[in-house]
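K.L.:
Sequence:
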Amino acid sequence: FNLHKKIKEAARIVSKSVESTLTDKDGNLITNLENKFEIWQQYLEKEFFHDIRPEEHKITFDGSGLPIMVTEVQNAINKSKNRKAEGPDELPTELLKTLTNSTCITRLTELFNTIYDTGHIPNDWLQSTFVAIPKKPNAKECNKYRTISLMSHTLKIFLKVIHARIYKKAEKHMSQEQFGFRNGLGTREALFSIQIFVQRCRDINQKVYLCFIDFEKAFDKVRHEKLIEVLRKIGIDGKDLQFITNLYWHQQAKIRINNTLSNDFRIRRGVRHGCITSPILFNIYSEEIMSEALEDTEEGININGKVINNLRYADDTVLIAGSIEDLQKILNKVTTASENLGLNLNARKTKYMVIDKEQNPTNVLRLKNVPLEKVQKLTYLGQSLIDNWDHSHEIRCRIEKARAVFVKMKNIFCSHQLSMNLRIRMIRCYVFTVLLYGVETWTQSKVSINRIPAFEMWIYRRILKIIWCDHITNINVLERMNKELEIVKTIKSRKLQYLGHVMRHPEKYNLLQLIIQGKIVGKRSRGRPQISWLDNLRKWFNTSTISLFRTAINKDKITNMIANVR
88 FNLHKKIKEA ARIVSKSVES TLTDKDGNLI TNLENKFEIW QQYLEKEFFH
138 DIRPEEHKIT FDGSGLPIMV TEVQNAINKS KNRKAEGPDE LPTELLKTLT
188 NSTCITRLTE LFNTIYDTGH IPNDWLQSTF VAIPKKPNAK ECNKYRTISL
238 MSHTLKIFLK VIHARIYKKA EKHMSQEQFG FRNGLGTREA LFSIQIFVQR
288 CRDINQKVYL CFIDFEKAFD KVRHEKLIEV LRKIGIDGKD LQFITNLYWH
338 QQAKIRINNT LSNDFRIRRG VRHGCITSPI LFNIYSEEIM SEALEDTEEG
388 ININGKVINN LRYADDTVLI AGSIEDLQKI LNKVTTASEN LGLNLNARKT
438 KYMVIDKEQN PTNVLRLKNV PLEKVQKLTY LGQSLIDNWD HSHEIRCRIE
488 KARAVFVKMK NIFCSHQLSM NLRIRMIRCY VFTVLLYGVE TWTQSKVSIN
538 RIPAFEMWIY RRILKIIWCD HITNINVLER MNKELEIVKT IKSRKLQYLG
588 HVMRHPEKYN LLQLIIQGKI VGKRSRGRPQ ISWLDNLRKW FNTSTISLFR
638 TAINKDKITN MIANVR
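Under our numbering, the first residue of the sequence shown is numbered 88, with each subsequent residue one higher.
Think of the hints as simulated: they come from the structure by calculation, not from any bench. All residues carry an ideal CB built from backbone N, CA and C; glycine is no exception. There could be a bad hint or two in this list.
Stated by the list, open to error - With a straight-line cut-off of 20 Å between C-alpha atoms, the simulated SDA-like cross-links for lysine to any residue are:
1. 626 with 575
2. 393 with 524
3. 576 with 609
4. 495 with 461
5. 166 with 93
6. 294 with 617
7. 294 with 442
8. 570 with 626
9. 464 with 495
10. 420 with 443
11. 93 with 112
12. 93 with 507
13. 461 with 488
14. 294 with 630
15. 444 with 619
16. 533 with 548
Unchecked claim - Between beta-carbon pairs, the in silico distance windows are:
17. 162 with 561: 39 to 45 Å
18. 162 with 448: 55 to 61 Å
19. 235 with 506: 35 to 41 Å
20. 179 with 119: 31 to 37 Å
21. 204 with 436: 41 to 47 Å
22. 207 with 233: 29 to 35 Å
23. 168 with 509: 42 to 48 Å
24. 471 with 262: 51 to 57 Å
25. 129 with 427: 47 to 53 Å
26. 301 with 494: 30 to 36 Å
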C-alpha cells in the first residue's frame, strides 16, 4: 500500500507522462524508433567512450580478501529496498527477501564466494538498461535527458557486501572537508560548515572569496584505469579490486524507448549509474584530486592552525580563500589535478562570490583565462546564499516554497472529511519539512523569526476556512484547533539539539567543532555586532557561550532545555 501515492491522488496531483521526443542536428523531429535508437547510441557511446583505457589483462591483482560471510549476505538482503524496477534478470527484490531459509542464504553465499574468488561475473550482472527521463518537459536533445540505469537486484546485493568492505578503508583516507555519501554526514553538515565559517569570518572583517565549482558530468568522466590505481593506492583488497575491474571492463548497456530495447553498447568510462558503490568510488576519486591539488598548500583561511580552503558535498565543491589571488592559485591547482584524472571544470556554470564590505569590481577570477561570473546570490545544496550573508532571504524563500506546497495540496488539507489531527500530521509531513530544510544552519533576526508564526497562522486560517473579514484573532484560531504554535519551538529545539549532537561526537564532527570554536585572526568593527548563530541560542536559552558548550556535551541537560523551550 503506497500511502504517499494515495495522498497525491486525493490532492489531485497527477504526474504528467512526457513522451520521449528527439530532434536531429538540423532540428528536425525524429519519430522513427530506429532513428531514435541510432541517435541515442551515438550519444551514449560518445559520452562513455575512452580510447586509452588499457586492456584488462594488463592489470594484476593479489589474492587478498576474506571470504564472504552468510551474515554479510543476510544484512545486504535486509537492507534492500522494495518496489524497485527489475534488471535484465527480471528478479525483484521482494523475491530475494523470501530467501529466509538458512539453506538458501548459504547457497547464495557460496555462489557469491565463487564469483568473488574467480572474478568471473554472470552475463546478466554485466548488463544494464538505460531509461531516459527528460530534465524538462520540452527536452528534445539527448543531453537534456537524465539517464537512470536498471540492473540486476542479485548484483545489487553482492555490491552491498563489497560496498561495506570498501567503505571502511575509504573512510580512513577521506578528509573532513568531504560531507557527501558518508554515514552521519549530509547536506546539513555541508551547509552548516560554510554558513558558520563565513559568518565568523564576516564578523571579524576577514574577507572571504568563494568559488563554486561545477564539473562537467563528473560521475560520467571518471577514467577506469585511474580509478583502479587510486583504489589500489588506498589498500583495497585484491579480490574487491578484481571484481570492480571485471565489472567495469565488461559492462554493457541498452537504451529502452517505448518498452523496446536497443542493441548493446560498451561503457568505457564513468562510474556505473544506479550502483551502490558509485558514490563511494567517486568520493575516493575526487579525494585523490583534492589531495593532489591542495596537499600542503598555504592558500586558504587559517583557523586554529588549520587551513580551510575547500568544503565539499560529493562533486559540489566550494573553494575558499582570503584573497582573490589565493583563490586563483587554488582554482588553478584544482583545475590541473582534475584534468590529470579526466575531469573538466565548466566555466559557464562555475561562479564566485566575495564576502567583503568593500566590493572591488576589478577583482576577476579566471578559469584557464576565461573570466568567471561573479554573483551576489547563489543556490548551493538547495539553500540560497547571498553575499551579505543575511539569512532573511533564505527564510523568505523557504516560506514561499512551503506555501506553494500547501496551495498545491489544499484540497486535502482543507477537507472537513478528514480529522483535524490527521490533516495536521500531513501538513507536518509535506509542508513543514519543506519549510525547515537546513533550519539548523539558520541565523535568525527578530524580523525573520516573526515571519514563521505569521506563516503558520496563515496555514491554520485556511484549514478552518477563515477569511480576514471574519475578525477572528489568532488566539481564537488556535483555540478552535486545540493547539499551540509549534514551528518556532521546533526551530529552537533543532538548533540546540544539533549543537549538542556536534559537540558530543568530536571524532566525526571535528571540523564543525573547529569552525564553531576555533580562533580566526581579525578585528571586529565598531558598533553593534551582527547577530550570529550562537547569539540565537544564547538569547533563546538565556545562557553564556561557555555555559552553552558545557551543557551541549551533556545529553540529559540538553533534553531538559529542549523540554522547556518556549
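K.L.:
Are the hints correct? Go through all of them and say.
P.N.:
Right, here's what the structure says about each hint:
1. The hinted pair formed by residue 626 and residue 575 meets the criterion: a straight-line CA distance of about 14 Å does not exceed 20 Å.
2. With a C-alpha separation of about 30 Å, the suggested pairing of residue 393 with residue 524 is violated against the 20 Å cut-off.
3. For the hint pairing residue 576 with residue 609, the CA-to-CA distance comes to about 35 Å; that exceeds 20 Å, so the pair is violated.
4. A distance of roughly 35 Å separates the Cα atoms of residue 495 and residue 461; the hinted pair therefore is violated under the 20 Å criterion.
5. Restraint check: the Cα-Cα separation between residue 166 and residue 93 comes to about 25 Å, which exceeds 20 Å; the hinted pair is violated.
6. Between residue 294 and residue 617 the CA atoms are separated by roughly 16 Å; this keeps the pair inside 20 Å, and the hint holds.
7. Pair hint residue 294 plus residue 442 holds up; C-alpha atoms about 6 Å apart against a cutoff of 20 Å.
8. A C-alpha spacing of about 25 Å is found between residue 570 and residue 626, which places the hinted pair above 20 Å, so the restraint is violated.
9. For the hint pairing residue 464 with residue 495, the CA-to-CA distance comes to about 27 Å; that exceeds 20 Å, so the pair is violated.
10. Of the pairs offered as hints, the one joining residue 420 and residue 443 is violated, with about 24 Å between alpha carbons and a cut-off of 20 Å exceeded.
11. Restraint check for residue 93 and residue 112: not satisfied, since their Cα atoms lie roughly 43 Å apart, outside the 20 Å limit.
12. A C-alpha spacing of about 18 Å is found between residue 93 and residue 507, which places the hinted pair at or below 20 Å, so the restraint holds.
13. The straight-line distance between the Cα atoms of residue 461 and residue 488 is roughly 26 Å, outside the 20 Å bound, and the hint therefore fails.
14. A hinted pair counts as satisfied when its Cα atoms are at most 20 Å apart, and residue 294 with residue 630 does not qualify at roughly 30 Å.
15. For the hint pairing residue 444 with residue 619, the CA-to-CA distance comes to about 17 Å; that is within 20 Å, so the pair holds.
16. With a C-alpha separation of about 23 Å, the suggested pair residue 533 and residue 548 falls outside the 20 Å cut-off, and the hint is violated.
17. A hinted range of 39 to 45 Å for the beta carbons of residue 162 and residue 561 is inconsistent with their spacing of about 51 Å.
18. Distance hint check for residue 162 and residue 448: the Cβ-Cβ separation is about 57 Å, which falls inside the suggested range of 55 to 61 Å.
19. Take residue 235 and residue 506: their Cβ atoms lie about 38 Å apart, and the range 35 to 41 Å holds.
20. Hint check: residue 179 to residue 119, Cβ distance near 33 Å, so the stated range 31 to 37 Å holds.
21. For residue 204 paired with residue 436, a C-beta distance near 45 Å keeps the hint of 41 to 47 Å intact.
22. Taken as a hint, the range 29 to 35 Å holds for the pair residue 207 and residue 233, whose Cβ atoms sit roughly 33 Å apart.
23. Evaluation of the 42 to 48 Å hint for residue 168 and residue 509 yields a failure: the beta carbon distance comes to about 27 Å.
24. Roughly 27 Å separates the CB atoms of residue 471 and residue 262, a value that falls outside the hinted 51 to 57 Å.
25. Range check, residue 129 to residue 427: about 28 Å between beta-carbon atoms, so the 47 to 53 Å window is missed.
26. With their beta carbons about 32 Å apart, residue 301 and residue 494 fall inside the hinted range of 30 to 36 Å.
Checked against the numbered hints above, the structure breaks hints 2, 3, 4, 5, 8, 9, 10, 11, 13, 14, 16, 17, 23, 24, 25 and satisfies the rest.
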